[in-house]
Every structure is written in structure tokens, then in C-alpha cells.
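A.B. asks: Once you have looked at the hints, place chain B on chain A.
Top to bottom, those sequences are chains A and B. Residues 2 to 116 (the working numbering) are what the first sequence spells out, left to right. Residues 129 to 242 (the working numbering) are what the second sequence spells out, left to right.
Keep in mind that the hints are not guaranteed to be accurate.
Claimed, not checked - Here are the simulated DSBU-like pairs of lysine-lysine, each with C-alpha atoms no more than 30 Å apart in a straight line: (1) A:K43 x B:K196; (2) A:K84 x B:K170; (3) A:K79 x A:K43; (4) B:K241 x B:K170; (5) A:K79 x B:K170; (6) A:K43 x B:K197; (7) A:K43 x B:K241; (8) B:K170 x A:K58; (9) A:K43 x B:K186; (10) A:K43 x B:K170.
Derived from the structure by calculation, the hints contain no laboratory data. All values derive from a computational prediction rather than experimental measurement.
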Amino acid sequence: EPEVTQTPSHQVTQMGQEVILRCVPISNHLYFYWYRQILGQKVEFLVSFYNNEISEKSEIFDDQFSVERPDGSNFTLKIRSTKLEDSAMYFCASRFAPGFTGELFFGEGSRLTVL
Amino acid sequence: AQSVTQLDSHVSVSEGTPVLLRCNYSSSYSPSLFWYVQHPNKGLQLLLKYTSAATLVKGINGFEAEFKKSETSFHLTKPSAHMSDAAEYFCVVSGSSNTGKLIFGQGTTLQVKP
Numbered sequence: 002e003p004e005v006t007q008t009p010s011h012q013v014t015q016m017g018q019e020v021i022l023r024c025v026p027i028s029n030h031l032y033f034y035w036y037r038q039i040l041g042q043k044v045e046f047l048v049s050f051y052n053n054e055i056s057e058k059s060e061i062f063d064d065q066f067s068v069e070r071p072d073g074s075n076f077t078l079k080i081r082s083t084k085l086e087d088s089a090m091y092f093c094a095s096r097f098a099p100g101f102t103g104e105l106f107f108g109e110g111s112r113l114t115v116l
Numbered sequence: 129a130q131s132v133t134q135l136d137s138h139v140s141v142s143e144g145t146p147v148l149l150r151c152n153y154s155s156s157y158s159p160s161l162f163w164y165v166q167h168p169n170k171g172l173q174l175l176l177k178y179t180s181a182a183t184l185v186k187g188i189n190g191f192e193a194e195f196k197k198s199e200t201s202f203h204l205t206k207p208s209a210h211m212s213d214a215a216e217y218f219c220v221v222s223g224s225s226n227t228g229k230l231i232f233g234q235g236t237t238l239q240v241k242p
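Isolated chain A (complex conformation) (with noise of 0.2 Å):
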């Protein structure tokens, strides 16, 4: 079965260091998002993306944030300069076709730890 995977899964970094998170969408998929999850809070969105462009972003999407499809397969998201309030769950997700007909894939996430 197809899946959304993700890389890595766990990562530690220093406060103010840049950090990439990769993500390889299901392959035929054309829209893609980014989610969070705080620990103990709910997931929110961060951002989508489509025809390599921002469709929308949350107000969380700040200029530290930026969102890169950079070749045919892979989905990244950058954080220029973590803040230790960045330390959260980030889910990527895919799904074919617009609106809500089609299933939304999500990745098992990319745990941040911002020390």
C-alpha cells in the first residue's frame, strides 16, 4: 500500500540551528501539507502546497518557515532558526485530488527536540 514516509524521525537540534524535515509524498499526489502537534495539544496546520506554490498558510507559518518540493519526489520543510517552542510532532501529508472526496495520507512524523 502506498504511504507517506517521512525522515527523520526523531531529531535533536540547538536552539537557533536550521533543521529540514523530508518528506516523499505518495507519488501520484499533487497537494501536500504540513501539521503539528505540540505535545498535549492538538494538531494544528501549518501550511499547504500545490503546482509549487503556497496555497495557504496558518499564522504559526511564520518567515522561519519555508516549504520546498524540490524535485519530482521529495516535500521539505525548513526552520531557519528553531526556537525551543518549535519542539512538536510535524506530520506531512498528501492526497490526490482537491477538497475533501479524496483521503488525506498522513507520515508517521518527524519528532523536533529544539534544546
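C.D. replies: Frame of chain A, contents of chain B only:
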């Protein structure tokens, strides 16, 4: 704005007894609603979804949910809990934009006792 409230942060049932996880939603338009499950150290898996078709939705692993517009509810049920059902469950509503954004509830931890 769209939002969901999961009324219980933690539910504990005995194996073989019914499961009820409660969810209320708020939406300014007719929403799509979902239940996702997250097992420990796993990703989020879709259990079922409502997208304005039948109000009683059947999902995987024997779960079902009923969309009740008058009560703005979308409770998740299962007639008989299994040990493998122990997980975190999220009620989710579609965002107002056409980007496919989802808005999650706070989650309910389901504990199943032998």
C-alpha cells in the same frame, strides 16, 4: 470559523463493551467531517469521513459515526471494543478554504481494559 470540540480527553472501556467518543463541531457552512486514529508511534490513519452523503457513515475496524446537523455532532461509536482499538482518536472538520486544510479536535485517548 470552523472548529471541533471533543468532549472527553480520555475514555476507558472494557474489552467487548461499546465505545462512544463524542465530538461537536462548529461550521458556517455544510462541513466535511472525519475521524482519524493514531496508534502509538504511528501516523494518522483515516477511520471514516462524512462528505454530505449518508448521515450514518461506516468506517474501518467496525467503527461508525452519525452526522447530526440539529445537534452539530459527529460521535464515533463501535459496538464492541477490542484491545487493538486503544489509541488516540481525532475528530476533524474541513477548513473553509478550498485548499483541503483540516482542523483537528484536541483528541480523545481510548483505553481498553481486558
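A.B. asks: Take the hints in turn and mark each one as holding or not.
C.D. replies: Going down the list of hints, with the structure as the test:
Among the hinted pairs, K43 (chain A) with K196 (chain B) is consistent with the structure: their alpha-carbon atoms are about 24 Å apart, no more than 30 Å. Annotation: proposed proximity of K84 (chain A) to K170 (chain B) holds, straight-line Cα distance about 25 Å (limit 30 Å). A C-alpha spacing of about 21 Å is found between K79 (chain A) and K43 (chain A), which places the hinted pair at or below 30 Å, so the restraint holds. Taking the CA atoms of K241 (chain B) and K170 (chain B), the gap is near 21 Å; set against the 30 Å cutoff, the hint holds.
About 22 Å separates the Cα atoms of K79 (chain A) and K170 (chain B), which keeps this hinted pair within 30 Å; it holds. Among the hinted pairs, K43 (chain A) with K197 (chain B) is consistent with the structure: their alpha-carbon atoms are about 24 Å apart, no more than 30 Å. The suggested pairing of K43 (chain A) with K241 (chain B) holds, with an alpha-carbon distance near 25 Å, which does not exceed 30 Å. With a CA separation close to 25 Å, the supplied pair K170 (chain B) and K58 (chain A) stays within the 30 Å bound.
Taking the CA atoms of K43 (chain A) and K186 (chain B), the gap is near 25 Å; set against the 30 Å cutoff, the hint holds. Taking the CA atoms of K43 (chain A) and K170 (chain B), the gap is about 16 Å. The hint holds against a cut of 30 Å.
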